[in-house]
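Chemist: So you can see what is in the structure, the chains are spelled out below.
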Amino acid sequence: DTAVSQTPKYLVTQMGNDKSIKCEQNLGHDTMYWYKQDSKKFLKIMFSYNNKELIINETVPNRFSPKSPDKAHLNLHINSLELGDSAVYFCASSRTSGTGELFFGEGSRLTVL
Amino acid sequence: QQPVQSPQAVILREGEDAVINCSSSKALYSVHWYRQKHGEAPVFLMILLKGGEQKGHDKISASFNEKKQQSSLYLTASQLSYSGTYFCAGNNNAGNMLTFGGGTRLMVKP
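Chains W and R are the protein sequences, given in the same order.
Residue numbers for the first sequence follow our numbering, so the first one is 21 and each next one is one higher.
Residue numbers for the second sequence follow our numbering, so the first one is 44 and each next one is one higher.
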């Protein structure tokens, strides 16, 4: 049973489209995250979601919005996709915010044409 | 601001040792180390929470100097399976999100 699962694993789309990536964790963790990894392998925190509290990295464009229907799910919705959004998006979860070990999903590779 | 890692890349022969350094311009509350193999997700190695703390994980260990805002990862008697990109990550408060360093690419050759 996969601890943190993301879908889809691959996503190819045109500029200007809207897309979503789903994430689910079955670890009972309180905090979930979205990270973006670019072609140079930089891992950048985008969002943290803990007990309905959303912490946003201020550098993230507002075209990106996380949606959490419940504690086990944190989806990422992206509006008006741009070429620079092409990256691998990782969902992660931890038992506690900040100091807990991060468990990562397998990643979703987004390619914007 | 993200932690700075050095070196950016290192090539080893099997059995050799390596040290990867991580430094921050801001005070660190905790330091995490992760390893990512090509095409896979990062995998947790260890967390260091206290100044001067050292931890070990098989032949991989790490130290954290809180005063210097630095951490080092030590890989001894490297194995082929150690190849990958190593990331340190830190936060300056218990509740803060982790910020990852730029990564150190490690390649172990036979």
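In case anyone wonders, no lab produced these hints; they're calculated from the structure.
Here the structure is a predicted model, which is why all the values come from computation and not from measurement.
Cβ coordinates follow ideal geometry from the N, Cα and C atoms, glycine included.
Please note that the accuracy of each hint is not assured.
Claimed, not checked - Derived BS3-like pairs (lysine-lysine); straight-line CA-CA distance at most 27 Å: (1) R/LYS110 x W/LYS64; (2) W/LYS87 x W/LYS29; (3) W/LYS87 x W/LYS64; (4) R/LYS152 x W/LYS29; (5) W/LYS39 x R/LYS102; (6) W/LYS61 x R/LYS102; (7) W/LYS60 x W/LYS91; (8) R/LYS111 x W/LYS91; (9) W/LYS29 x W/LYS91; (10) W/LYS87 x W/LYS56; (11) R/LYS110 x W/LYS60; (12) R/LYS111 x W/LYS64; (13) W/LYS29 x W/LYS39; (14) W/LYS61 x R/LYS69; (15) W/LYS29 x R/LYS80; (16) R/LYS80 x W/LYS42; (17) W/LYS60 x R/LYS69; (18) W/LYS87 x W/LYS42; (19) W/LYS29 x W/LYS42; (20) W/LYS56 x R/LYS69.
To be verified - Partial list, computed: chain R residues near chain W (C-beta under 8 Å): (21) PRO85; (22) GLN113; (23) TYR117; (24) ALA120; (25) TYR125; (26) GLY146; (27) MET150.
Chemist: Starting from the hint list further up, note which numbers the structure goes against and sort them upward.
Modeler: 4, 5, 7, 8, 11, 22, 23, 24, 25, 27
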